[in-house]
Amino acid sequence: MIGYIKSHVVRWVVPLAAVMTVLLLGSYDLRGADPTVQVRFDASKAGPRVVESLTEERILRDYRFAWTSLTQAMEYNTLDPLEGPFVGTAKQWLAQTVVSQRQTGLRSQYTQQNHTLEAVFYAPEGDVIELHDTAEYHLQVLDGDKEIHNEQVIVRYVVLMTPAADRWVIRQMQAVPQF
Amino acid sequence: MTLAQDPHLPTSAVAGDETTISTSGNGQAILYLVGPGVASKREISLGEDIHLPSRELQNAGRYVVSVCSDACRSGSFYVAAAEPASLTFLVHPSRVPVGLSDAISGVALPFDPFHNLVRVPMAITFQLTSGKTAMMSRSVQTQDGVAWFRTSSGKDAGVLHVVAAVDELSARRAVQQVASEPCNLRIKGQRTPKAILVETEPVRDCSGNPVPDGTIVTFTAAEADGKSTVDAPIKQGVARAQIIVTKAAVISAASGVVMGNELRLGAQP
Amino acid sequence: MRFALPILLVAVTVGLIAAALFGVGQAGGTVGIAAGSALPGLTPNAGTPEQALANLFTDLQRRNWNRAFAALSKTSGVDEPSFIQDWAGANGSLRTFSNLEGYDSRPLHATSDDAQVRVRLHWATPVGPVEDVRDFHLTHEGDGWKVVWPKVEAPTVPAQVVPVTYLRWDLISGGAEDGWGSRNVDSPHVRIISMNAVESAEGSVVMGEVVNEDTIPAFVNVNAALVDGSGNAIDDESSFDKIAHVLLPKQVSPYRIDFPNINLKNVKNVRMDVKATLVPASADPVIGVMDQKLDPDVQGKSVLHGELLNQSGQTVNIPHVIASFYDSNGKVVWVADGYVDRSLLPQTSEPFAVEIPRTLAGKVQTFHVVVNQYSLGKS
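Protein chains in written order, with the working numbering: chain A, 1 to 179; chain B, 1 to 269; chain C, 1 to 379.
For the record, the hints were derived by calculation from the structure and aren't laboratory data. Just so you know, not all the hints are guaranteed correct.
[Stated by the list, open to error] Below, computed lysine to aspartate or glutamate pairings styled on EDC-like, alpha-carbon distance capped at 16 Å:
# : chain 1 : residue 1 : chain 2 : residue 2
1 : A       : K45       : A       : D133
2 : A       : K146      : B       : D70
3 : C       : K293      : B       : E223
[Unchecked claim] Beta-carbon label-pair distances, calculated as ranges:
#  : chain 1 : residue 1 : chain 2 : residue 2 : range
4  : C       : N269      : B       : Q176      : 29 to 39 Å
5  : A       : A164      : B       : D167      : 24 to 34 Å
6  : C       : N223      : A       : R58       : 14 to 24 Å
7  : B       : G237      : C       : V162      : 12 to 22 Å
8  : C       : N232      : A       : A164      : 46 to 56 Å
9  : C       : H245      : B       : P202      : 29 to 39 Å
10 : B       : E262      : C       : V162      : 21 to 31 Å
11 : A       : R40       : C       : P126      : 53 to 63 Å
12 : C       : D297      : B       : A222      : 18 to 28 Å
[Unchecked claim] Stretch by stretch, here's where chain B covers chain A in the computed footprint (C-beta under 8 Å, at least three residues):
#  : region
13 : 78 to 87
14 : 115 to 125
Backbone N, C-alpha and C fix where the C-beta goes; we use that ideal spot for every residue, glycine too.
All chains should be built: construct the whole structure from the sequences, respecting the hints.
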């Protein structure tokens with residue numbers, strides 16, 4: 001009897017384990033490169049309006065999410081992640097980049113991201129905030145499987161975020177040589 | 001095919017302007033350009049100048065250039081915003097009570113024809129006009145692409161025109177200045193065969209501005225065993241209602257937090 | 001033997017049909033309209049007052065006006081058109097969209113010649129079930145009982161011109177090509193001025209009042225989310241029709257949000273959210289609420305009743321009354337609403353009544369009534 005149970009268990013456990021392994025590996029592969037996005041946010045110098053602590057938390061959360069979405073969009077050349085965190089010009093530019101990458105067979109990987117975010121202007125009525133992001137990340141550009149560019153870089157972004165119904169969204173994101 | 005050194009990239013480029021990249025070496029290679037809104041590749045001949053058309057450089061930001069033959073060599077350059085072509089102008093609030101300090105604010109952001117934020121400092125003039133009266137004119141230098149102002153609302157109800165201008169560019173918004181809370185709400189009554197016709201005197205705020213039409217005035221007639229109420233909107237400065245009262249009653253009026261006088265009526269004969 | 005089953009089935013079917021045809025109103029005190037006659041000529045004789053009412057309601061439900069009117073007592077003070085209008089409604093009123101679903105009847109008194117029956121009519125309407133209590137007088141005429149239909153005082157409006165200072169608000173918005181910031185007309189500023197959460201027989205209720213503090217009309221909706229001790233949302237609901245959605249400047253509306261089958265003991269926190277949007281609106285019609293009194297009704301329930309007076313020159317098809325009730329501290333302890341099933345013609349009045357729970361009747365000190373209105377062809 002015990003032998004029968006054992007053989008049954010083995011008969012089910014082995015394929016189950018195999019399926020789980022495949023799923024886990026698959027999910028790992030889908031995640032691709034390390035998606036961790038580290039963001040530090042200093043809102044103390046913003047003005048003329050003081051950034052409320054809840055707003056600060058939301059902006060930090062939504063900015064991190066926006067970069068996670070951007071990373072996925074650029075790596076997998078998909079537009080879906082751009083829906084929500086980006087609007088206006090920022091969304092248009094990123095969508096254009098994704099479409100161009102699809103056409104040319106390119107993709108970009110942003111990894112090891114560390115963002116030092118500083119609020120420099122917060123409108124009196126709270127309807128726009130300007131942020132300076134000193135972003136350090138590893139950028140790899142691939143043509144198919146061929147690496148054409150690889151660098152560890154610090155890029156400075158001027159970012160405009162505006163409040164939407166349930167989150168803060170990036171409306172403008174412009175890299176600049178210096179603040 | 002050899003690629004002697006990194007591609008020579010422009011030190012400064014402006015959005016919408018074409019630019020040139022030079023390479024060294026000889027033979028064929030592939031040039032990749034990846035930047036905001038663009039990811040292109042093309043075959044080039046090494047040693048010749050490569051022309052980047054303006055349509056590929058409309059968006060301000062960082063562009064990565066890679067030239068690959070047997071190996072890849074990369075570099076990057078920045079494209080800056082062009083001259084301003086439009087102003088985004090955020091003005092709040094849309095409606096403001098008169099005589100309120102620091103109640104109106106505006107934020108102006110200059111953008112070039114390609115929707116790039118122009119960060120070069122420039123003077124933006126904010127002008128507020130009520131009727132033919134200039135209420136404020138202020139020149140503010142942009143900082144990180146933003147200029148803003150804050151000011152008090154005027155004394156008179158009406159449309160306040162708010163303009164932001166830089167060189168030939170301008171953006172115009174309208175703020176409705178409205179009366180504050182009613183002041184001295186007074187009512188009078190007149191018996192008709194069927195009911196009491198009650199109406200307010202012209203409802204004004206403490207500065208004499210008429211309270212906006214549509215504002216609700218609640219008339220209440222309190223009798224010994226019940227009450228009657230009418231929520232009547234102010235029309236042409238006055239709120240009117242008819243209340244059916246047969247017994248002795250006290251009629252009063254209220255609008256928001258402001259209470260008016262009381263009318264005491266005897267029973268209808 | 002092989003015919004036994006078909007014969008049995010036929011017999012049972014005939015028996016059921018007969019039971020359905022002749023069984024109208026035989027159920028005793030509570031009689032349902034659904035048990036009425038389906039074929040002309042098979043209506044049972046009105047041998048009892050209840051049977052007479054059942055026959056009448058069956059005909060009315062089928063809109064068989066001639067038969068229904070013929071079944072009324074000769075002493076009824078009503079002609080056929082008035083009788084039909086009294087029952088079926090007119091002028092796009094709520095009654096014109098309603099159907100009688102059923103009723104409960106209770107004899108109040110009866111002699112051999114006349115009887116008084118109290119009937120609770122259950123109407124199916126577009127705004128949900130509506131109940132109406134009416135007392136019917138019946139007399140014994142000839143070989144059966146007949147309903148005496150009271151004289152109907154239908155409001156009549158003399159031909160006249162009612163001058164109206166028309167006041168409305170229009171909204172100018174930018175075009176589709178306009179950029180960011182060019183369409184920034186602020187939403188109306190509205191504020192919840194009170195909120196109270198109570199346990200009711202059906203579950204939990206969140207209620208209070210909301211005010212439009214702005215100088216323009218606002219379309220308002222109040223939402224509430226119930227949160228448990230762990231911070232998880234239990235349920236969220238909106239005020240739906242228990243609020244006056246369009247609020248003019250400085251206007252106050254009660255709101256009530258029902259959470260059926262949710263025990264308030266499990267609720268740790270209530271998250272309130274009020275949404276206000278700009279809408280084109282009109283300041284008319286003005287409807288006065290006259291002679292408001294809180295009295296017990298014939299069934300002993302506490303009822304706020306009064307008269308709605310249409311002070312404008314347009315017909316209000318479906319008036320809707322929402323009332324907030326306050327305790328001695330001015331706290332909102334209940335919000336109730338009720339639809340008036342008659343339309344409100346210009347310059348005329350219609351009675352209304354809204355009920356409050358027996359448990360709260362003793363607490364209520366004052367009340368505030370607002371009138372919502374729905375007019376055909378207008379948003």
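Legend entry - Range hint compliance [Cβ, G237(B) to V162(C), 12 to 22 Å]: holds, 21 Å
Legend entry - Range hint compliance [Cβ, E262(B) to V162(C), 21 to 31 Å]: Hint holds: Cβ distance 29 Å, inside 21 to 31 Å.
Legend entry - Coverage of the region 78 to 87 of chain A by chain B (three or more Cβ within 8 Å): Since 0 is below three, the answer is violated.
Legend entry - Range hint compliance [Cβ, R40(A) to P126(C), 53 to 63 Å]: Between R40(A) and P126(C), where Cβ atoms are some 57 Å apart, the hint holds.
Legend entry - Distance restraint hint 24 to 34 Å, applied to the beta-carbon atoms of A164(A) and D167(B): holds, 32 Å
Legend entry - D297(C) versus A222(B) beta-carbon gap, inside 18 to 28 Å or not: holds, 23 Å
Inset, instruction - Would you check the hint for K293(C) and E223(B), treating anything up to 16 Å between C-alpha atoms as holding? - result: holds, 10 Å
Inset, instruction - Hint says 46 to 56 Å; check whether the CB-CB distance for N232(C) and A164(A) agrees. - result: violated, 25 Å
Legend entry - CB-CB spacing for R58(A) and N223(C) relative to the 14 to 24 Å hint: With Cβ atoms ~20 Å apart, the hint holds.
Inset, instruction - Indicate whether the distance between the beta carbons of N269(C) and Q176(B) respects the range 29 to 39 Å. - result: Because 38 Å falls inside the window, the suggested range holds.
Inset, instruction - For the pair supplied as a hint, K146(A) and D70(B), confirm whether the alpha-carbon distance does not exceed 16 Å. - result: holds, 12 Å
Legend entry - Within 8 Å of chain B's CB atoms, at least three CB atoms from the region 115 to 125 of chain A: coverage verdict: Result for this restraint: holds, n = 5.
When the structure is compared with the earlier hints, violations turn up for hints 8 and 13 and for no others.
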